[in-house]
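My request is simple: use the sequences and hints to build the entire structure.
Going down the list, the protein sequences come from chains A and B.
Residue numbers for the first sequence, in my numbering: 1 to 312.
Residue numbers for the second sequence, in my numbering: 1 to 312.
Source of the hints: derived by calculation from the structure; they are not laboratory data.
In this text the structure is predicted, and so the values were computed from the model without any measurement.
Hints may contain errors.
In this list, chains with the same sequence are indistinguishable; a pair is considered to hold if it fits within one copy or across any two.
Below, in silico cross-link-like pairs of lysine-lysine (BS3-like), each with a Cα-Cα straight-line distance of 25 Å or less [stated by the list, open to error]:
#1 61 x 213
#2 38 x 207
#3 195 x 107
#4 189 x 147
#5 61 x 107
#6 145 x 281
#7 194 x 7
#8 207 x 145
#9 227 x 107
#10 7 x 131
#11 7 x 195
#12 107 x 194
#13 98 x 38
#14 7 x 107
#15 303 x 195
#16 227 x 147
#17 281 x 303
#18 145 x 213
#19 303 x 7
#20 89 x 7
#21 107 x 189
#22 107 x 281
#23 213 x 223
#24 7 x 38
There are 2 protein chains.
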Amino acid sequence: MSQARVKELAIIGAGIAGVSAAIYAKRSGLEFDIFESKALGGQLLLMENIDNYAGIPAGTKGFELSEALSRNLSGLDIEPINQEILSIKIDKDLIWLKSQENNYTYKTLIIATGATFRRLDVPGESQLTGKGVSYCAVCDGFFFKGKTVAVIGGGNTAAEEALYLSDVAEKVFLVHRRDQLRALGYLQKEIFAKKNIEIIFGHVVEKVNGTTKVDSLILSNIKNGEKKPLSLQGVFIAIGITPATSLFSGLLDLDDSGFILTDEFLQTSSPLIWACGDCRKRPLKQLITAASEGAIASLSVYKHLRGHYISA
Amino acid sequence: MSQARVKELAIIGAGIAGVSAAIYAKRSGLEFDIFESKALGGQLLLMENIDNYAGIPAGTKGFELSEALSRNLSGLDIEPINQEILSIKIDKDLIWLKSQENNYTYKTLIIATGATFRRLDVPGESQLTGKGVSYCAVCDGFFFKGKTVAVIGGGNTAAEEALYLSDVAEKVFLVHRRDQLRALGYLQKEIFAKKNIEIIFGHVVEKVNGTTKVDSLILSNIKNGEKKPLSLQGVFIAIGITPATSLFSGLLDLDDSGFILTDEFLQTSSPLIWACGDCRKRPLKQLITAASEGAIASLSVYKHLRGHYISA
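Have a look at this one:
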């Protein structure tokens, strides 16, 4: 294992946040590497249609945007290192990263490792993701204008998504395994007041049906195992989101769910580490906010390294 | 003058921040109007090449991105109202807007009126903007790798831009009309330490020369009027930026330069008004951050109107 010289910056993760950070780092003249252990684009690759990213044509597929990001990198002569970072430590004011293949040392680090939505793990879910199965109401709700959808879950996110969808869709089922919602009281009150939201308690999803698009769910009664079908066009799964931050546990301040805490300049609890995109605690998990955060993180690192901010 | 019924939201300005706000407002099911008195795109239209907006091909022209934004709007059946808002007041918990043509009333307002860079107003400047004349080092500095550039100005922004460019360009002239810089001491110290930054005190730009691209400046000595040419490929004009916020003076808290003050959710000092993009006080004036702020402002308004946040 060779030991390369110390570069100024490492970026871990090449989803849209990491790619945007890399674009700004390169254009600022920083010496850096960007690591991605999987395919470039991250969660993007699961998205069917992207219609809410200003400047990108409506109907852009996730893989198409991912290819566009790849061209952004290659156009700037940035080649992601396709290795998984297995451990990290801070020592002597440097960041030490270790992959299966090599050791690396950097002055600073931007974490852009993203998060993954928790899946139901039922038949049909994977095949129909982006074809009626979604994990984000703000992203995809608009496609279900005037249609029937279900939200799966009983927490705050599920309640918020059901309320959001109730303004767009004709009918919203809220399917929850327990006999009552875990969501905050005021959200529950609003849900109960909505005429087009119907709660189905005590049921779990057993299967998502459909060939090219979702056409129904099979629900199972949690007490007696009875099955019942539910006809609909969309299913929003809101049972949680898991940030890819296990590597940083103990090293950085995380919230109870494992999201990295940052200040407004996206600095973490370490003075050498910044975080952007879905891996950090933030109110809006959107592509456009992730891309913006990548830019902010890179320019924050620039300021840290060069001692001055670049303001315009 | 007719009085339309009260809609939920008005957006003033259809640059990238306003357009992004409109995209999110529409997809959230909000009833709104978006006003733009000039051409859609705002400052975008002055930009030659856009290379730092993740997902957009490098070399995209400002007018092309502006056209893409126009298609984003028309695809969602959003038609900007081509009227200039001349006055605004808040009364009875409503926003009252007045144009030459009409009066309008809304529950909330998003301000996305942008800002304009102060111009030198010398021959050649307009014609060569985007062809070597730039107002943003972070945006355009990369095009001048290994070349000779000048920064015009003596304040913090001029100093930061000169330092930024010194890492990219071969040689940076800093041209200032006075005998000393106004920039903060630590910035001046760094400037003096840079071998490839040369300060030309006591001179103003009289003319920008070039046919298809900038090839030189004519400088004029402020004391004796003597002219001298300066060969270079790029000129960064950093003599100030003026937010388009005169309409809101007295109504909202602004900073000394007129930028609108907001909290992290982009709410202004009025509980009914949000601001996004270049018109607000923020450290990074970038397209990608403006687009992100439009989304955040819209979803903040959504929360205000609907009583709950949409978190994913």
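Results for each hint:
Taking identical chains as interchangeable, the C-alpha atoms of residue 61 and residue 213 lie at most 25 Å apart only when both belong to the same chain, with a minimum of 16 Å there against 38 Å between chains. Within a single copy, residue 38 and residue 207 get their C-alpha atoms no closer than 28 Å, and across copies no closer than 52 Å, so neither meets the 25 Å cut-off. Proximity of residue 195 to residue 107 under the C-alpha cut-off of 25 Å is restricted to the inter-copy arrangement: shortest distance 24 Å between copies versus 56 Å within a copy. Taking the shortest Cα distances, residue 189 and residue 147 sit within 25 Å of each other inside one copy (24 Å), while across copies they are farther apart (63 Å).
Taking identical chains as interchangeable, the C-alpha atoms of residue 61 and residue 107 are never at most 25 Å apart, the minima being 36 Å within one chain and 35 Å between chains. With identical chains, the CA atoms of residue 145 and residue 281 are never at most 25 Å apart, being 30 Å at best within one copy and 37 Å at best between copies. For a Cα distance limit of 25 Å, the shortest separation of residue 194 from residue 7 across copies, 21 Å, qualifies, whereas the shortest one inside one copy, 56 Å, does not. Taking the shortest Cα distances, residue 207 and residue 145 sit within 25 Å of each other inside one copy (24 Å), while across copies they are farther apart (56 Å).
Taking the shortest Cα distances, residue 227 and residue 107 never come within 25 Å of each other, neither inside one copy (57 Å) nor across copies (46 Å). For a Cα distance limit of 25 Å, the shortest separation of residue 7 from residue 131 qualifies neither inside one copy, at 43 Å, nor across copies, at 33 Å. For a Cα distance limit of 25 Å, the shortest separation of residue 7 from residue 195 across copies, 22 Å, qualifies, whereas the shortest one inside one copy, 58 Å, does not. Proximity of residue 107 and residue 194 under a CA criterion of 25 Å is satisfied inter-copy only: 22 Å between copies versus 53 Å inside one chain copy.
Taking the shortest Cα distances, residue 98 and residue 38 sit within 25 Å of each other inside one copy (16 Å), while across copies they are farther apart (53 Å). Proximity of residue 7 and residue 107 under a CA criterion of 25 Å is satisfied intra-copy only: 6 Å inside one chain copy versus 51 Å between copies. With identical chains, the CA atoms of residue 303 and residue 195 are at most 25 Å apart between copies only, with a shortest distance of 20 Å across copies and 52 Å within one. In the homo-oligomer, the alpha carbons of residue 227 and residue 147 lie at most 25 Å apart inside one protomer (23 Å), although the nearest pairing across protomers, at 71 Å, exceeds that limit.
Taking the shortest Cα distances, residue 281 and residue 303 sit within 25 Å of each other both inside one copy (22 Å) and across copies (18 Å). For a Cα distance limit of 25 Å, the shortest separation of residue 145 from residue 213 inside one copy, 16 Å, qualifies, whereas the shortest one across copies, 50 Å, does not. For a Cα distance limit of 25 Å, the shortest separation of residue 303 from residue 7 inside one copy, 16 Å, qualifies, whereas the shortest one across copies, 43 Å, does not. In this assembly of identical chains, residue 89 and residue 7 lie within 25 Å of each other by CA distance solely inside one copy; the values are 16 Å within and 54 Å between copies.
In this homomeric assembly, residue 107 and residue 189 come within 25 Å of each other (Cα to Cα) only across copies, at 23 Å, whereas the closest approach inside a single copy is 50 Å. Within a single copy, residue 107 and residue 281 get their C-alpha atoms as close as 24 Å, which meets the 25 Å cut-off; across copies the closest is 30 Å, which misses it. Proximity of residue 213 and residue 223 under a CA criterion of 25 Å is satisfied in neither setting, with 30 Å inside one chain copy and 76 Å between copies. Taking the shortest Cα distances, residue 7 and residue 38 sit within 25 Å of each other inside one copy (23 Å), while across copies they are farther apart (46 Å).
When held up to the earlier numbered hints, the structure conflicts with 2, 5, 6, 9, 10 and 23 and fits the remainder.
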